[in-house]
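A.B. asks: Sequences are here, hints too, so could you generate the full structure?
In terms of the working numbering, the sequence shown opens at residue 834 and continues consecutively.
Because the hints were derived from the structure by calculation, they are not lab data. Incorrect hints may appear among the rest.
Computed cross-link-like contacts, DSS-like style, restricted to lysine-lysine with a CA-CA straight-line distance of at most 27 Å [claimed, not checked]:
hint, residue 1, residue 2
1, Lys-941, Lys-928
2, Lys-1030, Lys-1007
3, Lys-1030, Lys-1019
4, Lys-922, Lys-941
5, Lys-922, Lys-987
6, Lys-974, Lys-1007
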Amino acid sequence: LVDDAGQWTVRKDVRYVRVMGSGTGKMRQFNNEWMTIKGGGIGPEFGIGHYVGHATDAPVMILKTCIGNRSLGWDLLPPGSERFEYEGKIYAGYKDSPASWDKGTEPKPMGWYAGMQYDGDVANAKNVLAELDKYYPGAKKYEVAGFFFWQGDKDRYNAAHAGRYEQNLVHFIKTLRKDFNAPSAKFVCATLGQTKKGAGGNEGKILEAQLAVDGRSGKY
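C.D. replies: Given below as structure tokens:
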């Protein structure tokens, strides 16, 4: 991360692109540069980018497309997710609105739908890849080799979403690979730092779900 002179390293083999949008709203670009650290804040992408840059001789792009305060059970719910019932309520499937409603009643749509952030994040990533030379000068082609995912905090405030987290995460991984034509892409899932293994409640359910999709678990 730091060179011999004590300055932040600028990697000429790792490109860092960060874009963001709320739902399917307009994409905003925050970074499009060779990977280095500026200002007083960093994210996990810097450690990831340096590690991947050292591990491969191929050019690398770290493409970050996400926004905070989003749940897998609602905002990031992937296409193909179905409605389900929990404690007398129906919870939204993909493109349903609102997030839940009483069983036996008709849902009253709001200005957001299940999976709206998934749609926006995927579209933004594809927009970047469609203009590859703009974001990685000289690049002519690309391969999506992997996904990094660090999420789960918002789902812990909803028991229905926490209980559904493993099923949603498995479907999320499969759908991402399909959407980016990357069936063999690795998926790295970071766990919530505030939750200890063996914890109970919604936090424990989410942590166990995240650990269950680890290839070493033998479950998937």
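A.B. asks: Let me make sure I understand: some of the numbered hints might not hold for this structure. Which ones are they, in numerical order?
C.D. replies: none
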